[in-house]
Structures are given as C-alpha cells and as structure tokens.
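Below, each chain spelled out in residue letters.
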Amino acid sequence: MHFSGLRVIKEALTGHKGWKPLWRDPEPKPAYDFVIVGGGGHGLATAFYLAKTFGQAKVAVLEKGWLGSGNIGRNTTIIRSNYLLPGNEPFYEFSMKLWETLEQETNFNSMVSQRGIINLYHSDAQRDAYRRRGNAMLLAGADAQLLGPEDLRARLPYLNFDNARFPIKGGLLQARAGTARHDGVAWGYARGADMRGVDIIQNCEVTGIRIEGGAVKGVETTRGYIGAGKVGVAVAGSSSRVMQMAGMRLPIESHVLQAFVSEGLKPLIDTVITFGAGHFYISQSDKGGLVFGGDIDGYNSYAQRGNLPVVEDVAEGGMALMPMIGRARLLRSWGGIMDMSMDGSPIIDATPVDGLYLNAGWCYGGFKATPASGYAFAHLLATGRSHETATAYRLDRFARGHLIDEKGAGAQPNLH
Amino acid sequence: MLIPHPLLGLRDAQEFTYLGDAALLDRPSPEGEGAEAAFCDYVFLRGNPAGVHRELWFHEQGDRSWLVVTRNTLTHEILGAELASKVAKALKGAAE
Amino acid sequence: MADLRPLTALGADTARSARFGALTLTERPDIALASLALRAGAAEPAPFGLTLPGPGGLSGSQDHAAFWTGAGQWMVLAEGRAETDFAAELRAVAPGCSVTEQTDGWAGVDITAPGADPLERLTERLVNLPPEALAPGRATRTVLHHMPVLALRHSDTRLTLFAMRSAAASLWHALETSAQRQAVS
Amino acid sequence: MTRIPGGLIDRSQTLTFSFNGKRYTGHPGDTLASALLANGVHLMGRSFKYHRPRGPVSAGSEDPNALVTLRSGARAEPNTRATVAELYDGLTARSQNHVGPLGFDAMAVNDLLSPVFAAGFYYKTFMWPRAFWEKLYEPMIRRAAGLGALSGEADPDSYDRGYLHCDLLVIGAGAAGLSAALTAARAGAQVVLADEDFRLGGRLLAESDPLDGGPASDWVAEVEAELRALPNVRILTRTTVFGTYDHGIFGAVERVADHLPVPGTSVRQTLWRITAKRSVLAAGATERHIPFASNDRPGIMMAGALRAYANRWATLPVAGPQDRIAVFTNNDDGHRTALDLLAKGANLLGVIDPRADAPRFGDYQLFAGAQVTGTHGRLGLSSIEITRDGRADWLECHALGVSGGWNPNVHLASHHRGRPVWNEELQAFVPGEGGPQGLIPAGACAGRGSTSAALGDGARAAQAALSELGISAALPRLPEAEDRPLRQTAFWHVPGKARAWVDFQNDVTVKDIALAHKENMRPVEHLKRWTTLGMATDQGKTANVTALAVMAELTGKAIPETGTTIFRPPYTGVSLSVLGGGDTGKDFRPTRLTPTHHWAEAQGAAFVEVGPWLRAQYFPRPGETHWRESVDREAKAVRSAVGLCDVTTLGKIDVQGRDAGEFLNRVYSNMMGTLKVGRVRYGLMLREDGHLYDDGTCARMAEDHYVVTTTTGNAGLVYRNMEFARQCLWPELDVQIISTTDAWAQIAVAGPRSRELLSRIVDGFDLSNEAFPFMACASLSVCGGLRARLFRISFSGELAYEVAVPARYGHALMQRLMAQGADLGVTPYGTEALGVLRIEKGHAAGAELNGQTTAAMIGLGMMVSGKKDSIGAVMSRREGLAEDSRRLVGLQPVDPEAKVVPGSHLFADGTAQDMAHDQGWITSACFSPHVGSSIGLGFLEDGAARMGEVILAANPLEGSCAALRVVPPHFVDPEGERLRG
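Residue numbers (the numbering used here), protein chains in the order written: chain A, 1 to 416; chain B, 1001 to 1096; chain C, 2001 to 2185; chain D, 3001 to 3981.
Chain A extracted, bound-state conformation (with noise of 0.2 Å):
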C-alpha cells in the first residue's frame, strides 16, 4: 500500500476501513540466505537495504522485543554529520544525505527536519578546534558554517549571554543538520524491508549462535533453531551479551545514557544547540517538547535507568545556557544502555567467526548513523567488503593503534 495525502483523505472518508498492517508478522522459516539480530534501527535499516538495494530475497530480522525497541525508540533523535577524523565524517556524511532521501524511499513520513545544530564554543581554544572540526567536515563535502557571537545573538537570542559563568563566543553550525522522529525511522524502515520480503520477527530472542569449524550456521533462539548463511549482529547496548555466545569479548562497555523530554510548548527553539561548558544539549519536537539529554551516568550498567545526579547536572547546564526554559516542566526521561566503545567510535566488520558479522559500539551516536549503518553493514553482509565510507571501523583497529578518538579521551568509556 501506498502511502500519501490522497490516501489518507480517501481513508478519512470511508470509515478507514482499507488500511492493513504496517508488517507482517510471520512465522520464522527453517532458514534464511541473512540474519540479522537485533530488530533496532541499524539491524532494520540493514535488512531494508539488503532486499532494496543489494536484492536479497531470504533476509530474516530478530528481534527481542517489538520491533524498534533498542535505543532507536528512545533517544534525542539528533542527526548530524559534524565529525573531526577522516575515519568517520565520510560515513556520517554519507548517512546524512540518506536521511535526506529517507522519506521518499521508505514511502513514510519519518519528519526528517533539517532545522541545523549549532555546538556553542566558549573560548578560544575551543574556536579553534571547532574550526579544525568545520573545515574537515567540508573538506568532506558537508555544509559547516562558523558563528560568530552577533550572529549567534540573532538567531538565538535567548541564550545566557550577558551572565554566564563561562561566555558564549561563537558556535559551530551544521545547517543540514537538525532532527527525525526516531520512531518513524524504525517503522518506516521496517515496512519497506517488510514489503521487500524481509521476516521480521518479534518476540524472538537469540540465545545461542551456531558455529562448526570456525563458521555460523545459524542461531538458536526462543522460537527455535534458524539457519543463516550469514549472521549480522546489530544489537547496540547488548553487544558484548550477544558476542559472549559466539566467545569473543569486545572492547566496549554498556552504560546508560539518559534522556529527558519536557511537557508541550508552543514552537520556541527551532534548531538543535549544544553547549559546550557543559553537558546540555537541546531541540523541541514538531509536538513541542523540549527534548535534551547530557552526559551518560558513567558506569557499566544494564539497567535501562539511571540516577538524579545526571538529573541535576543536565539540567544545570540547561539552566546555566537558556535560563528561560526553567518554568518549563520536566515530562518524562528515560534510559538506554548505550555501546560505549573504547576509542568512542563504532565497529562495523567481520568477526574471526566466517560469516559472522558485527555491527557495534556506537556510543550515543547511533541514531545519527542508522541509515549509513544499515547501508554499509549490509554492504558488507552481501559483498563481504566494507563499504568506502566504513573502512575505519575495524575491530583490529585497537590492537594496531589506528584508533578513532574524536575527543581524545583515550580508553575510558565513560569520557567519550
């Protein structure tokens, strides 16, 4: 079914009696040519790139939970493509021009929002290296503009610029930037890999992978055995878990990551702001809640929540940058378990295990990436080679010491 305006009104009229599923939900067949564990964003956009665009036919999706479940149905829901190191800004930029396509790709509205993100600098030295970060990202052919503190003033005149403890002088701004409805991502992804012939099937956890003679053979799971020419892990958050069956550890650590939305208000801050003295940063929904999150908590943990000290400090920071959203009401926050990596940037590669594949450790940055990972992870399922934009993201690279350390805080997780 085709999705438009035209058929919404014609569905107003009758009664909506003509919609059908958004996907089905079939039984899991005996095998599959691709598995794919993990029912999120990235494993969703994989299996939807794998039927499209590399024309596999027998693609299955497990997932856990319901579809959608990881930490694409809750984040801040931020893309951007604002990266430093030649091992990432290529991908995100890459990513980001298919989240400008997504839509009409997808047939569905995932209000993909170019509405800019500006990360605020508060000193020179910090200019300065937000400049080595503007210029790399057009170096890489993506759009980054420096501002200047007048020109911040204008577009942002709510800020705390006259009593800060520590002065906005500028910012970094990625106009092409901005947000998507991070559920829509998932279920837009979903039903056009679902139409395509993709299973995906929920309710379904992997609970063991197969391996004879150093290769996968399928995965065990609550709904029984499955065979796999090839398995893709797509599990962020559960990687290592997931990983410990096929006996490898990984260099990441789960840790939670939380998240806050404030009750709806009238539009009043139309673009994404970071700040850069502390852990804040900030968009509103097309619905009108603030949505902000800050830093992670900074311990390992499974636990999908997390504490009032990371409460009270994000929003300080908030309060310190914009004090006029502090009437405003705090609605909900939450907490994902995130794949915080040891160098802060992904893993997307082949395991030691033939025909195993991971696709891991993206920090909190993997909303931003689902399309790009999706493409270059099933670039890599069907092909069996990385894909141009994603030749970094080796799991060797640390051994090696190639690492992909965007803000230089070496192997502590809870720094990146």
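Because the hints were derived from the structure by calculation, they are not lab data. By construction, the Cβ of each residue, glycine as well, lies at the ideal position given by its N, Cα and C atoms. Some hints here could point you the wrong way.
[Claimed, not checked] As a list, the in silico EDC-like pairs of lysine to aspartate or glutamate whose alpha-carbon atoms are at most 20 Å apart:
#, chain 1, residue 1, chain 2, residue 2
1, D, Lys3022, D, Glu3086
2, B, Lys1089, D, Glu3732
3, A, Lys287, D, Glu3138
[Unchecked claim] Now the stretches of chain B that chain C is said to cover, found in silico as 3 or more residues with beta-carbon under 8 Å:
#, segment
4, 1002-1009
5, 1012-1020
6, 1063-1069
Put chains B, C and D on the given structure of chain A with help from the hints.
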C-alpha cells in the same frame, strides 16, 4: 547510588569517580614477546557482564581511596566494597 | 616575619564575618594546617599529644586538632598559628611521616550557631552526608556546590568548612546565600 | 455560584483571582479548579489535537484537561493543572492552546477534520514535494502543536537544593501514610513524611466517612499535631516525591512559595534528594473513567472527583442547585458519590450502573444494567443518553460523575522497571516483585483501599520496615473506619461508533486504538507511540490501563499478556529551574581566583575563563585600543626585560616517600629517579594506551621529596591517576602524595633581567648561573624571611624563574616585584602573552596535548624511555602510533602580512583540497612580535623532513587559504642559549 565505603560507611556515589573493570589492577608484565598483546587486552577488553561486576571507583570527593566495588549491572545492587590497595596487595602476594 | 603583608583568602587584610539570624559565618585565616601521612612501616605518631583519630574522626586538644583524611593520612591544625612554619613543627614531632604544608591551600570558614538545629538546617542544604558523618567530633571531605570541601564538626554549635583557597569567594557566596535563606525562613 | 455548605475552605477570608482576564473570588483552601467551579466556570481548556472544550476530570495531580498558564510575564508557568494550583490572592491564569477566545477556538476546526487526523496519519503524508516539509508542513504542524507557551524570559525566581537522610520516608499522607508515619515516629525513628497536597490527609479529606465517629479531618489534625511536635519527624507538604532512584534515594520537589503571589525573599522551590533506609509508598489510587460516546465534555468528571469537590471544596460542577447530576459507575464506589451528593442536597438524576444486579445504597434512582451512550452540550454537558435493554433515552443532565474503578498508583514502586502485576480480583495492576530496595507499598496503592485497611496497612508497613533496621515499633491504636470491600469489575468502555475518549489531552479514542490494532501496532509500546496515547502531561495516569484493556479486547488476549507500561520518573512534571538546583548564571560553577587576582583587577586586567579558573588575560595600558597592542607589549617586555605572570593555576603535587623516585619513574615516561636533589626535569605523562596526556616539571626538593607540576586543566586527572598508580598498581611502594596547588602562589619571573629582579628580593641567595643553573630548584627565603621555593624553569625560552610563596603572600609578592623592578622595565603579562611566548618557543600546550597525539608527534619521542617500565610505554610502540609520521612543525606565512589560522588543514601545494589529501592541521597560532609576523604550530605528515617546504593552509570555513613555510617549531633561540644564560 550509595557506595558502602569500607572505612566511611554509605556515601553518595556522586562523591566518587568511576573507572571500570577491577581487572585494571592486574597490569601485565611489560617484558617479553606478548607484552603488547597483553597490554591491548588489559586496556581494551574489559569485563562488561550483565550481572555481577567488580569495578573500580575513586572516592575523589572523599578520602581519595580507590575501591573495588562488587555491583550487579542489571539491578545496580551492590554486594560489597573493599579498598583497592588491599586487593592489589593480595593480588601481588598471590602472584609472587 | 617578612616585610610583606598577607591577604586573607577572601582578599582582605582582616577576616570577614557576618551574621544571618542564628548563624554566624567567620573567615578563619589564622588556622595553620599541615598534612601528615604515614610512611610504610612507620608507627602512628602522637604529635602534640594528639591521638590520631580513625576514619571520619576529629580529635583535638586546646591548641591542636587532627582529623582523618584517608587511610594512614591526617590533617593537623593549630588555631592562631598560620603565620608560623607549622609544617616544620609537625615534621619535628612526627618522625617517619610525610608532612606537607597546607595552611594556604585552604580557605576556612567557621559556622556557629547557638544550637545544633540551625547549623543542621544549613548543612542539609549544602552537603549530602548522613547525619552521623557530621556529628560532633566528626570530620570529612565532601563536595559542596561543586567544590571539594573539608567539613569539621567541632561541636553541636560549631562547624568549620575548608574549601580550596582559590574558591574562597565561591564558598563564602554559597554559605552566605544559604544562611540568608535560613535566616528569613 | 455553586458553593454548598461544609468543606475545608476558610470562608472567613476571601481571595480575588482572575481567569482569562475576568475577576473571581475564592477562599483559602481552594484550588484554582475548585474556585472556578464554585464560580460556575467549567470550561478551562482545550484538548491538544482536536481543540475540544474541556473542564477538569479530576481533583488531583493526574488531571489531563484543566491546564492553564499560571501567572504572567517572566513568571508565566504553562501547563499548570488548575486542579492542584493552590489559590492565592491576586492569582492570574489564562487558558491555553486556542486561537481566539476559549469559547470560540478557531482551531476547533480540527475537530471537524478529525477523520483525517486519525492515529498515525502524519507518518503517511506530507512527503511530497520533499522541500515542503521544513518550509510548509512542519512549521504548520509545530504552530498547531504544543500546549502553553513559555515567556522566553529568564526565570526570575531562586531555587534551592537540599539533602535529607532518614530511617523511613513515607510518601503520601493519606490514611496509610499517616498511620505509617505515626507508627515510625512513636518508635523514635527519623521520619520524613511527604505529600504533594498543601494539606495532610489525602483522600480522607475528600470523603464523608467518619473516623472514630468524628470528621476524618479531626483525626488528621490530631496526628499532624503529634507529628509536628516530635523532633525526629520532618513533614514536607506541597512536596512531590517524583522519582525512585537506586539504593533508597528519592527525588522530591517542595513547592515552597508557589502558593504565594511572589516568592519574596524565599526560594520558589527546593529540590530534595532524600536518602532513606526504608520507605513506605502510600501514594493512593487514581480513579479510571469509562470511555463512552462524547465522554469528554466539561461537567463530566470522575465520580471520586465530584465527591471531592463536594466534600472538601464545597462546590458542585453545575450552575446552580437545580441542575441535575448523575453518576455512571461499574462499581460500588461510584455509589458513594451519589450518597454524598444527596447528603449535600444536590439534584441527583440517579446512578447508571451497567451491572444488571447493581445494588442500591440509598434513596436515588438506579439505572441497573444501563450505560451512558451519548452526551450533548456545546461548552458543557446539557444532556446524556442512557441506554438500557436497547432503549435509549436522552435526559437533561449537567454534570456526570464516572467511575470505572480505581488504579493503584504504582508509579514510584515501578521506577526501577519492576513491572506491576495484574490482580484479577481488583481488575487492576498492583506493585509487583523486584521493586525498589526497601520500599513497601501500603494502602490503596497496594490495592488495599478501604480506609480501615489502609490505616492498618500503613502501620504494619512501617513496623516491618523499621524492624529490618533493628527498631521495634508498636502498632498505634487506629481509629474505627469504613471497611467496604473493594469490588471492581471488568467494564472498560461502552461499545459504539462515535468517538469515545481514552486519553483526553492527546485526543486518543477507542477508534484510534482499533485502528492501531488493524495496522498491527499492537504491542503496547507501538500502540502508545502510534497513537500518542499516554504521552500527554498526565503521562497516561487516566488512560493507560483502559487503553490496555481495549487492546486486550481487540486481540482477544488477557490484559497482562497484552503488556504493561514502563513507569519512569518524574511522577508529575518538575520544573527545570528546580532540577537545576538554583546554581545558574555566574554561580553555575565555582570560580577559582589566583592569589594575585585582586591585584590584577586593580591594574585593570582583562580576565579569561580557563577551566574553573579566572586568569588575567592581558593588562591594557592607557592609550592601548586593541588587545593585540597590550599583548605584543607584554611579550616584548619578557624578551627584552622582565615580565611577571601568575602561574599558580598549574597543578602542584607533593610526592614524598622512600620510593618517590621509583614511583615517578613509572608515572612519567622519562626517568625521574635519577634526578639530583635541587634539580628540575621536564616530564611527559602517557595514558596506558600510549598517547600523551600531560606534561610538566618534576623538582626534587630532597632525596625523598619531589614537587610535580601539571597543566592547569589536568591537575585533577593527574592526581587521580597518581593515586591509581599508588594504590592499585604499585601498593608496595612507599610513596605519599597530596595536592598543594592552592597552597603556593607561584609567579613566573621571565626575561633577561629576571635574575637581577629576583636578586633584589631573595634573602642572601646566590642566583648566579653557576650556583643556580637552568633547571635548578631550591627552598629559600625572600623579602626578609618569607619561606619560598624557587625553580629555574622557562616556558618562554628566556632566562626565567618561577618563585613560589605561601598563597596569602602572592598579592604582596607581586606588588613587591613590580616595585622592585620598575627600573628594569618589569611588566605583568597575562595568558595571551604567555601563549605567544610558548608558541614562539615551540612548547606544546593544550592544543597539541589534545589526547590524540604522541610524544613522537611533538618531537619528544626520545623521552619515552625504553630502559624502564612506565605507564603507556608498551602501547606507545603499537604499529599505528609508531608509524604515524605527523610531527609538530613551525609555520610561517610566505607573505608576512598573511595570517596563520589555527584549525586550518594542511595540504601540499598542487594537491586537491579534500579529506584524502589532508596532511595535517594548525594547532596554535599568534602574532609574534619577535618574528614580526603571524606564526603557528601544527602537525604535518612527515613534518620533520619537510623543513623549508611551502604548504597551503586551507580554511574553507572562513574562505581563507594561506601559503606557509614549514620551519622548526622554535622561533626563538633554537639553541636554548638564552634560558641557560
């Protein structure tokens, strides 16, 4: 969270800084062929269990002691805490 | 000594003092401080006749006091002795110990009140400590408005807070703001 | 006016307030909602999507409808529930989310278009043409969305934060909470009792049932008096415990001054972090409604709310006593409302109860086996349709109480993701296993809802909690109270074709749930996200369970199989101001001042934030119009005469012990153990992964005593890492460390005349090059007996010293040096000149030590000793680090007028300027008065071998590109003769 400090009793986790896997106490020998590989495992392949985890916390806003805290990462329940220096000494004693 | 004139941590010639209702805040530039750490195998000394207290403890005599700061570590203080080389004095009576001058590392503020209640109503706004950690005779390092502080509860009616000397103005501002609010409530 | 007798309002005082500009009166004890109802105002707001007219459906914090913007100007507080806003004199409120007057909202056209706006419609459209989304569709949607508006001004009020520690926290001061608190208080336990209401009593205040034969409020007052007299009890009214965190920590907000016109000298709200050894959750229950056709009109509310307004607030939601009121209930509790209304003299139409065998409890008309199947009324209810045995009758009716039973408030018991469990008997979710450590639910929130049961349950919960702490508590004598059995039946909605609201605020109807079911959005999380059910400001308190039941009916599954929702903090909305704790503006973080701060201020210095510090940036002199003039002058003074700079901010760590040297050997990459007493060595610190993270100096004051410096930014981190090395890696070493950063005021005295200047203040100390050469250090006295430390180290490349004195003398020492050096041209310099001097000398600083670089990259690879083990040494030899050919180089523009711009990327001349050909970047740059042009430092591929080459520095971000010559990174005295002289 509250950390049961072995000397000071329960203190708010906000006084502490987290480092991670207590295996970091067991720094490999810099000697020999496999030293580089051993260090790579030591630095990058840390324990990340969904369950009971032994981990290092620093009482930065307190007595400046490093603690080994045993905590369940699924529930955040804390099962115990010891001074890391004691654990490290025991580890060295066992190695010798 | 020297022909230079010192400034208090709050940047004046004389100590600042202010009253807010039942609470009195007084800057204490006169307190001499030195840290003392046991070296390996050393016996615990009893400098100035002090019994060095256990974890979280504060012990004192007329002239000197000591509080526990960490395993095998204490801070020893003497009121009215900031102008002396107190670390040297301590070193002399603490053989086998590492002693470090700390007098100027900290900005001390005394908070006094006629009873325990106003003091405790103030501290519950400032530090997140179980009441027993700040009972009379207890001392601890903790955090206050993002500043590391040493908190010494001498008695029901007196608490001394030390912040890093460079943060003296921020400490005073935080205490003043909070004490003012207590005074009006 | 529909004030009726009785109630807990203070009629002796009259308060004036305004709503939408119109003035009304009320009494202390009123909420805005009760006062408006008493004034005959039932229409208070508009719904989110369809802009349907709405009035309150509840009398508590769960209300989805009666949202107003309270106060005005910078104090405007959108989305405030009128049902909990305490009335004060002069209160002003406005309704929100409408265009035009509240009664004639132009946006109500959405209601007519509602067939188009069905669940999930926006995912299916607005995709064509692509460019229209940001330009047209999205702005349109955004304008229509949202509820109230923020003022856009900074919040003018102040906020506070506090910490409470107790044995027992009791959340909720209704029957169960009061009896729990009383039990614990009498046992001498430290008790905190918190309730969101401005008055203790909870639901007891809303009911007419007696306690021990007297009014419940009398018993509440007695208990309150007893608790208030006890020193071990803290009562927090107007305080919402909003979140349960780990290990017995709770977040709570006390609304200290929200009931006052302005806070005055008080804070507006306080954020409490409560650490409780045990807790009793006595949060009560929330009534659920029954969706039926057009069930959302003003005048239709929960039956329990109707009775609360009548009993506590002495008002009825009708225009006058003649107006008819009905009750629609599927359970016995709804009948209580009927009885109370009768007792209050209301004109009761009757009770409609779908149960064929519905009992009758009093003298009213009972419509057993009947349902409400429709309503009329434009801005308020005027009639209802009652259907019984297939026969429908329209009856005049102006208010309707609806009760679908009660849902226990399990939220705080479920914040740890422990799922509530379905209780078949109650047809409701109750707290399950695996809840927060030490928390015991009691009373209605545990599914034990009669007053008598709640009283006993609270006391027993407190007793059990305290016994775990070794405190024995006796059960108090509790008053005689009603003990009606709680019987709830499954009747979830009235079937029908018309819209029946489940989520009032977000306009989600039974039909929307059916559509979600049809489209396979069946898991409860899909249902919520597809329809926005439960996402409104009430977080589904009145909607979620009902929606789950409707979905269960559609799928044919049982309710617990259909799912439960996850509960997350906060319980009700918490203002961001109070969550931030009040430290805003300049107070966001403490400010650290240098010992010479006040002196520099008096000199008119410009200051700059450097991490937590405020440092003098430069010292403008009269006539200087641009900062560059001052900085150039200062830098020149250091190169030609002598300059003074406060460098106290560098971290200083005192390292003592027999093994101090060996310890430092292991934390520095280079050798420190061999350093002679009285000498200083420059050192590098690596992370264990082999990358560089800090540099500094290490001075050996005595055989067993070193003083180490760190960069300003890394002082804390280096200290932490040293403690890690000391306690965790090498506990066998005898070493003690302590920070002394603040204890010493340290002043750099730099320039060719620095020796001469210092000689004027030292007390008979030999400063000659022979006696005190480059990299010497000593303890000495200055200015007639002041103990000091002197280090002959140089950041500028000039003959230079750093002199340290006890911090309280820093100010005086600076004055003395200035006075003594007047004839030598002494000049204070700030961080800008410091930066210029170090770039000229090629010293790495923050921009080079950014955590991504190595010792080899800054040209100091030989400082990573291969002779010993030190942190990071092994991993610095990894292939990726060892093969990295980028080196720190100096960069000088070919055209002396051109500018070197930090952050530019470096390219070989003639290559494409793209990422593939990127060869490095510029880390730091400045105008060098010494060189006479702009200069810079940068990392360049194969840099060491490219001296003299002209490269291009591209800065497309600002449209510039400069040709730069690669030179060694020492623009001044490359041989180091000056600093050794």
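Problem set entry | Outcome, coverage of the segment 1002-1009 of chain B by chain C - at least 3 residues whose beta-carbon is closer than 8 Å to one in that chain | Per the Cβ count (3), the hint holds.
For this session: Examine the segment 1063-1069 of chain B: at least three residues should have C-beta closer than 8 Å to a C-beta of chain C.
Result: It holds: at least three residues are needed, and the segment 1063-1069 of chain B offers 3 whose Cβ sits within less than 8 Å of chain C.
Exercise. Okay, the segment 1012-1020 of chain B and chain C, do three or more residues pass the C-beta test at under 8 Å?
Worked result: With 3 residues in contact (Cβ-Cβ under 8 Å with chain C), the coverage given for the segment 1012-1020 of chain B holds.
Problem set entry | Restraint check for Lys287/A with Glu3138/D, where alpha carbons must lie at most 20 Å apart | holds (10 Å)
For this session: Take a quick look at whether Lys3022/D and Glu3086/D sit within 20 Å of each other, Cα to Cα.
Result: Judged against 20 Å, a Cα distance of about 18 Å means the pair holds.
Problem set entry | Restraint status (C-alpha distance of Lys1089/B to Glu3732/D at most 20 Å) | holds (7 Å)
Checked against the numbered hints listed earlier, the structure breaks none of them; every hint is satisfied.
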